[in-house]
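K.L.:
Chains as they are written, first to last, in my numbering: chain V, 3 to 557; chain W, 343 to 830.
Treat the hints loosely; a few may be bogus.
Just a few of them, taken from the derived set where beta-carbon distance is under 7 Å, the chain V residues facing chain W [unchecked claim]:
hint	residue
1	Tyr76
2	Pro92
3	Ser527
4	Ser530
Short derived list, chain W residues pointing at chain V, Cβ under 10 Å [to be verified]:
hint	residue
5	Arg376
6	Val452
7	Lys573
8	Arg574
9	Arg595
10	Ser709
11	Lys713
12	Val774
13	Glu778
These are computed hints drawn from the structure, not numbers from a lab. Being a predicted model, the structure only gives us computed values, none of them experimental. Yeah, the Cβ is synthetic: ideal placement off N, Cα and C, and Gly gets one too.
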Amino acid sequence: MAGSQFRQVNTGIWHSLSLIGIFAVLFNRFSISAKDLTPRGVPLSRAALYDAEKDFACLDGTKLIPFSLVNDDYCDCADGSDEPGTSACPNGRFFCLNAGHKSIYIVSSRVNDGICDCCDGSEEFDFACPNTCDEMGRAAREEAERAVRLAKEGFQKRLEMSQVGKTYRQSKTEERSRLETDRQHAEVIKDEKQMLRDEAETPEKAALEEYRRLEDERKQKDDQEEKQRSEEEAEDMFRLLDSNDDGKITVSEIQVRQTFDRNKDGIVSDEEASFFLNLEAEMSKEDFLKSGWLLAKPYFLMEKGMFSPPEPEHMMPEPEHTVPETVHTEPTEPNSQEAEYHDFEDDEAEDLGDPSEKPLEHKELSDDEQDELDTPKEEPAAEEQKPKYDEQTMELIGIADKARSEFHEADKVFRDISNKLQELNDVLNVDFGDDERFTPLHGQCFDFEDREYVYTLCPFKDANQRGKNGGGVVNLGKWGSWSGPEDNKYLQMLYDRGQSCWNGPARSARIFIKCGIENRVTAVSEPSRCEYHFDFISPSACQNPDSLVHPHDEL
Amino acid sequence: MIGNLTAKGRKMITIIDPHIKRESGYFLHEDALREDLYVKDKHGKVYEGWCWPGSSSYLDFFDPKTRNYWASRFALDKYEGSTLDLYTWNDMNEPSVFNGPEVTMPKDMVHFGGWEHRDVHNLYGLMQVMSTFQGHLLRSDKRLRPFILSRANFVGMQRYGAVWTGDNMANWGHLKASIPMCLGLSIAGITHCGADIGGFFHDPDAELILRWYQAALFQPFVRNHAHIETKRREPWVFGDKYTALIRSAVRRRYALLPYWYTLFYQNEKTGAPPMRPLWYDFPEDTTTFPIQDQHLVGSALLVHPVTDQGASSVSFYLPEGIWYDFYNYKTYVNGHHTIPVDDDTIPVFQRGGSIIPTKQRIRRASSLMRKDPYTLFVALDQKGEANGSLYIDDGESYEYRKEGKFLEIIFQCKGNVIKAKVVNVNSPFQTVEWIERVVILGLTYKPSSIEGSSKSLGSVKLEGEGEHPFVIRKPGFLVSEDWEIKLH
Numbered sequence: 003m004a005g006s007q008f009r010q011v012n013t014g015i016w017h018s019l020s021l022i023g024i025f026a027v028l029f030n031r032f033s034i035s036a037k038d039l040t041p042r043g044v045p046l047s048r049a050a051l052y053d054a055e056k057d058f059a060c061l062d063g064t065k066l067i068p069f070s071l072v073n074d075d076y077c078d079c080a081d082g083s084d085e086p087g088t089s090a091c092p093n094g095r096f097f098c099l100n101a102g103h104k105s106i107y108i109v110s111s112r113v114n115d116g117i118c119d120c121c122d123g124s125e126e127f128d129f130a131c132p133n134t135c136d137e138m139g140r141a142a143r144e145e146a147e148r149a150v151r152l153a154k155e156g157f158q159k160r161l162e163m164s165q166v167g168k169t170y171r172q173s174k175t176e177e178r179s180r181l182e183t184d185r186q187h188a189e190v191i192k193d194e195k196q197m198l199r200d201e202a203e204t205p206e207k208a209a210l211e212e213y214r215r216l217e218d219e220r221k222q223k224d225d226q227e228e229k230q231r232s233e234e235e236a237e238d239m240f241r242l243l244d245s246n247d248d249g250k251i252t253v254s255e256i257q258v259r260q261t262f263d264r265n266k267d268g269i270v271s272d273e274e275a276s277f278f279l280n281l282e283a284e285m286s287k288e289d290f291l292k293s294g295w296l297l298a299k300p301y302f303l304m305e306k307g308m309f310s311p312p313e314p315e316h317m318m319p320e321p322e323h324t325v326p327e328t329v330h331t332e333p334t335e336p337n338s339q340e341a342e343y344h345d346f347e348d349d350e351a352e353d354l355g356d357p358s359e360k361p362l363e364h365k366e367l368s369d370d371e372q373d374e375l376d377t378p379k380e381e382p383a384a385e386e387q388k389p390k391y392d393e394q395t396m397e398l399i400g401i402a403d404k405a406r407s408e409f410h411e412a413d414k415v416f417r418d419i420s421n422k423l424q425e426l427n428d429v430l431n432v433d434f435g436d437d438e439r440f441t442p443l444h445g446q447c448f449d450f451e452d453r454e455y456v457y458t459l460c461p462f463k464d465a466n467q468r469g470k471n472g473g474g475v476v477n478l479g480k481w482g483s484w485s486g487p488e489d490n491k492y493l494q495m496l497y498d499r500g501q502s503c504w505n506g507p508a509r510s511a512r513i514f515i516k517c518g519i520e521n522r523v524t525a526v527s528e529p530s531r532c533e534y535h536f537d538f539i540s541p542s543a544c545q546n547p548d549s550l551v552h553p554h555d556e557l
Numbered sequence: 343m344i345g346n347l348t349a350k351g352r353k354m355i356t357i358i359d360p361h362i363k364r365e366s367g368y369f370l371h372e373d374a375l376r377e378d379l380y381v382k383d384k385h386g387k388v389y390e391g392w393c394w395p396g397s398s399s400y401l402d403f404f405d406p407k408t409r410n411y412w413a414s415r416f417a418l419d420k421y422e423g424s425t426l427d428l429y430t431w432n433d434m435n436e437p438s439v440f441n442g443p444e445v446t447m448p449k450d451m452v453h454f455g456g457w458e459h460r461d462v463h464n465l466y467g468l469m470q471v472m473s474t475f476q477g478h479l480l481r482s483d484k485r486l487r488p489f490i491l492s493r494a495n496f497v498g499m500q501r502y503g504a505v506w507t508g509d510n511m512a513n514w515g516h517l518k519a520s521i522p523m524c525l526g527l528s529i530a531g532i533t534h535c536g537a538d539i540g541g542f543f544h545d546p547d548a549e550l551i552l553r554w555y556q557a558a559l560f561q562p563f564v565r566n567h568a569h570i571e572t573k574r575r576e577p578w579v580f581g582d583k584y585t586a587l588i589r590s591a592v593r594r595r596y597a598l599l600p601y602w603y604t605l606f607y608q609n610e611k612t613g614a615p616p617m618r619p620l621w622y623d624f625p626e627d628t629t630t631f632p633i634q635d636q637h638l639v640g641s642a643l644l645v646h647p648v649t650d651q652g653a654s655s656v657s658f659y660l661p662e663g664i665w666y667d668f669y670n671y672k673t674y675v676n677g678h679h680t681i682p683v684d685d686d687t688i689p690v691f692q693r694g695g696s697i698i699p700t701k702q703r704i705r706r707a708s709s710l711m712r713k714d715p716y717t718l719f720v721a722l723d724q725k726g727e728a729n730g731s732l733y734i735d736d737g738e739s740y741e742y743r744k745e746g747k748f749l750e751i752i753f754q755c756k757g758n759v760i761k762a763k764v765v766n767v768n769s770p771f772q773t774v775e776w777i778e779r780v781v782i783l784g785l786t787y788k789p790s791s792i793e794g795s796s797k798s799l800g801s802v803k804l805e806g807e808g809e810h811p812f813v814i815r816k817p818g819f820l821v822s823e824d825w826e827i828k829l830h
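Okay, chain V solo, but in the shape it has when bound:
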């Protein structure tokens, strides 16, 4: 047994001589295997090209050399053909017979480098490699048989999957033509209802137009009256303030009235007074009517208790405002824009650690709240103003409402059918493989767990990654295309346009599909940053076993 474990060295004598030194080193390499008389590293099938009786012609035909230079450990032929059994040529190859296993060629650089590459060890001749061919051959045969068994079982399942796929496509195709007919009908009805609606709306619109005109007129009149009232009020006020009746209001005339003590210190200062005179010393009646009144009016109203003032800083940039504190002590009033404004300020003042994000979020939220609160307020107001219509108009509105609702219904039916059709078309447009064999994977998802993550592949949809210790779901890519080699594109799927990596590209995943008797993700890796590889087995990737090489076809 021990003897058969080791390869027969070409000739025992050369081997023992190699221990002595130079002669063995130089001459061992000339040797031709005594066993079969073909030069070392040449298969029997090519022995005729190496005829020891003749000069050797390099196989590329470029050179003729004495046969003694074949395997003499010096490269003479450009194609490396003179040194099949040594490492002398950079482009040579060595034939291992590997009896009991598969014969192979190895590159010359592996000849006599101290590492056993051929299972029969024939490429190492300075020491003896163990012969592992029987063992490897047996394992390889078992593996090949297993592969055939797997392929048989898998292929059967593939045919079933394919049948499911074909049936699916057929039924979906039928459903599509059915829906297309339905959609045509629905469209006709929808168009009809639209016409009816338009017809009903015309008289309704005319009647309502009349009401709207009347309303506008009334409003215009009201505005006019309001304006006039305001002007009269202003003139009254001017007369009141212009104590000396000289047609001008001066600072001193303002200062006698406590109404204008803006900071409530008991004195109307020059500054306070001139504020109302547009920072001038005096103001003509004309200017007062135009602008002075607008400034003064709130203070008069306030005096009468009809108006609470906006906060000072809204009116002018006063430096010393104590208002935030005041507001702080009051209960926060979410409906009041003022209160929000100050909340925001408080945040800023207190939360120095995070000056940017939080207040902004807070503000956005408040705006939304405000919008929500505004909307319902307006509607009842509008309702109240709605004029009452006469009976005839009410009837027109009733007819139009009914026509509108009928149209909406018809339109909804049409849109629902269209959406269904769109979905159907999306599915029918997917390439589920020749023979529709990948169809059953559609709508399924397959998980794979490693130490840190759970990966999920939903064929024809997307691929995801989820951290086991929390963290959200990361999309590794959406279904893109089949991306296998040109002659067999169904060996690989590409999911792209996934979530972008920080500072990097959008994630993508390639799915490598191999034959198996079940559908399963067997491994996931990230060989390059943000580029994921899934190994997936599926019967749909199994080839017809009759097309596989039979294990005992080997040499």
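Please build the complex by placing chain W on the supplied structure of chain V, with the hints as guidance.
P.N.:
Below, chain W without anything else, positioned relative to chain V:
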């Protein structure tokens, strides 16, 4: 994993940093606390900084006790899963502290002997490497040579290991900069220098990585290395064309390993840097002074790698003498030249008057080249003369120092005779290596006959072919004995 890798003659190097994760239950951290091995702050409290594992403390390599502890951890029975084929790369050893001032330790941290960090900062990396080196020595009972790579370095680093130029970027400017950076280090005595091929940050395109390989393979330390967030960049990921081109460049490096090895032997003996500026060998030629886009490898090779994107030509300067293109054998003389370049061109010139030993056999790993034969490149000067040398030992042990187990061979070509002479006759070093081929450049005549002789082969008639180069076929002399070849 180590087993799988090293089964084909390759080695493995793993990264080990000087910061230690502060985690109870982690033996190293607990040992360090118990035995007082950490750097401390001015109050005597163990210093805590932030590095890769999070909260970390830093071993005080200035303390002999720490160095001994650290070295002892490399023993094969202590370093779990390690073998003699596993070597070490010390990184982050400036030391790097993410939350420290200038990304290092505060200046008032205190080291062994009461020295503040400000006084010893630059030495810290060296002290770590020293200790790592000691650990590798001890694990083989001082029999085998360590290999240590370090990012931090200081005067004296050349005794312990190789350095690289740090975290560079994938751009042409950084490729160019790798030459003056390693020249500077070489002249300063840190001779085993290289830059990350392709650039550490960002992604090189195929052209940049190819040109970077071509340049780097003529620098002392060769490594492709990149940030974890870059794309894969192994030589085979840029398509078949670039795989073949990079393979071609890598093979040229392997062929020249005997020459590099000899240069590093000389470096150990004299300090002469293997990679050197032109002025090192041509101190009289002022034109060479500012040149930093080309360099010498030893005194026999001049390299001007292509470092420009889309380059179709390269301009270079050759100092005094005759120069031969190392790959197409074209002859040049002193002066400025411009030559066309294609994807596979690495402009490398052999100086007339030199002899370079190479190994032309292709192998998977340099350790598998040990028994392979030599091809000598004899480049003749104006007088038809040339000289060179070759140093050989077992490539891994200290027997060359302790037992004189090495061969130093001098080659000389003069008056139509090429001679090899073993300098250290009666060396106990044994080898089966032999002379496969002698390539002569610049021969002015075609010899009518060639006669070789050595003690064991006696007198033999040899064949030669070609004119320039003239190739002598298979002299077959053992490299361990004197021989000569006469051209008639």
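K.L.:
Taking the hints in turn, state whether each one holds.
P.N.:
Hint check:
no., hint, in the structure
1, Tyr76, "4 Å, holds"
2, Pro92, "5 Å, holds"
3, Ser527, "12 Å, violated"
4, Ser530, "4 Å, holds"
5, Arg376, "32 Å, violated"
6, Val452, "33 Å, violated"
7, Lys573, "5 Å, holds"
8, Arg574, "4 Å, holds"
9, Arg595, "15 Å, violated"
10, Ser709, "8 Å, holds"
11, Lys713, "8 Å, holds"
12, Val774, "5 Å, holds"
13, Glu778, "7 Å, holds"
The structure is inconsistent with the numbered hints 3, 5, 6, 9, although it conforms to all the rest.
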